[in-house]
Amino acid sequence: MLSVALTKRLPGFTLDVHWDAPDMVTGLFGPSGSGKTLTLDCLAGLVRPDAGRIVIGDRVLFDAAAGIDVVSRARRLGYVFQGYALFPHLTVADNVAYGLRERPRAERRRRAAEVLARLGLAGLAQRRPAELSGGERQRVALGRALAPEPALLLLDEPFSALDLPLRRALRDDLVGVLREWGTAAVVVTHDFTEAYRLADRIVVYDGGRVVQSAPRAELLWQPASESVARIMGIPNVLQGTVIKATPDRIQLRWRGQTLEAVNSPTRSYLPPPGAPLAFFVRPEYVRLIRKDRMVADLGHHMNLMRGEVVHDEDFGTTWTLRIRLDEPGPPAQGAWDLEVEVPHLVYEILEIERDRRWEFSIHRGSIHVLPS
Amino acid sequence: MDLFPLWLSLQVSIVATAITLVLGVPVAWAFGRRRFPGRDLLAALVITPLVLPPTVLGYYLLVLVGTRGPIGRVLDTVGIELAFTWRGAVLAACVASIPLLIRAAQAGFEAVDPRLEAAARTLGRSEWSVFWSVTLPLAWRAVLAGAVLAFCRAFGDFGITLMVAGSIPGRTQTLPLAIYDHVQANQMPEANTLALLAAGLVVVLLLGLGRFVRLRY
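As you go down the protein sequences, you meet chains A and B in turn. Residue 336 in the working numbering is what sits at position 336 of the first sequence, and the numbering runs on without skipping anything. Residue 99 in the working numbering is what sits at position 99 of the second sequence, and the numbering runs on without skipping anything.
One should not assume that every hint holds.
What the hints assert, rightly or not - Among the chain A residues that face chain B by a calculated CB cut under 7 Å, a handful are:
1) P31
2) R73
3) F81
4) H89
5) Y98
6) G99
Calculated directly from the structure, the hints in this document are not laboratory data. Glycine included, each C-beta is placed from N, C-alpha and C at the ideal position.
Taking the hints into account, I'd like the entire structure generated from these sequences.
Spelled out as structure tokens, the structure:
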């Protein structure tokens, strides 16, 4: 259990955050410059907060009111820095053993060897950091932080120094290491997929504040606000007007359409008619209606609309289509109204490259309203 | 040919370089790593030996450490005499050379990534241990380069040494002072030998270390 409350004023930036993490792995997610790394530095005792309290389990590391400020070296936290900050003048083995100085020499060697073996680094023990690949460096940094058996592991953008294919492989790797070693961790990232893949709970940062803290699945489907949805990079964050709201349904008007949405099951939300309302539709949940089946099925489809593909992009296994609805007035997102994602196979079968005019439907459960 | 000035100069500059290292490295580290009150004033003070005329500097030192000077009197009570002794020459050499060491070492400490030191702290090391295991091993080339410059400067000092230690043959006459005396006395071969020895030593030291330890000045 980790409990963090921090205030730190810097020139031109104020960090003021409060979050609790009962889970094993917590992700700090948000845009660059939102205070994520500063939070890690405060946790590690490298930066002294102006006010607040940091508690890990039953150990109080910092309490401004009580005058407690445990020095960095006594906090027993493993910090994996962005870019890793390996000691360039030491071998891999000496890097990993660096935090074990308090232990007797034999124990130090045994533990370093054990960590190297568990991380698959045994063959690299006598190399220097400059002679390692990006992925190997990450493992050494991880090993160096884990060797003294820290109470909490801090990881700052653990993949930022790596190429894309390596990032995915090492992400799965890191998930395995964290589970296997059973060390609680706080991971800082500005990539939502990374945060989702690594963390049980995600704390969303924006401008030095926490805008949402939730289990990852809840965050994925129920961002607390329009701004959280935008920080997460969700496409199709749209603005409508409420027609009618009941505890289980919300009817709203958007771009000349009447849309029906399911009200949030956990945070039932009843805005008055005429109120502006933000919502989002995931691109892979917009359905294209097959022209050969349209007449027979028309009654099944809800939130039916008609439009034209004005732009499409090939992402290999999927295509992203940008749709402009057949409605007068400016489109909702610049030159288009909706982003739709279809599998490559569907794109080919339906001959979307040639056939640009389609009807679309969105299930009411796929329209997610965002509390303002 | 009397080589006493050469041996005296070597002795003075070796002792001065050692003292300079002991005093200068902590100052350089503080300049490179810490913010403290009076930092700007101290930085200006460190530069003064480079910009003051050597005789002016030597004059003030003599005023301070002479038998009637405030520092001289204190040292006199414990039986140490600085003015017009070889120790005075060491003092002069230290003052002349410490700015070079501090500037080089400070640049070296500033070039060490502070994140490495932060990493060392999170791994349970004290500030003292961080310095010896991370900061110094990564900055030692710069410190050594500074020490070489300091040694050469100490070896070649003329004006400050003349004021503080005088030019007593066989006692405080260092190599640069001896060369001057030989020239005054029109003993060109002696002046020539000593000058060649001095130039040779400095060139060998600078080039040799520059080559084998890859120092940059």
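Against the structure, the hints:
| no. | hint | verdict |
| --- | --- | --- |
| 1 | P31 | 22 Å, violated |
| 2 | R73 | 5 Å, holds |
| 3 | F81 | 5 Å, holds |
| 4 | H89 | 5 Å, holds |
| 5 | Y98 | 5 Å, holds |
| 6 | G99 | 3 Å, holds |
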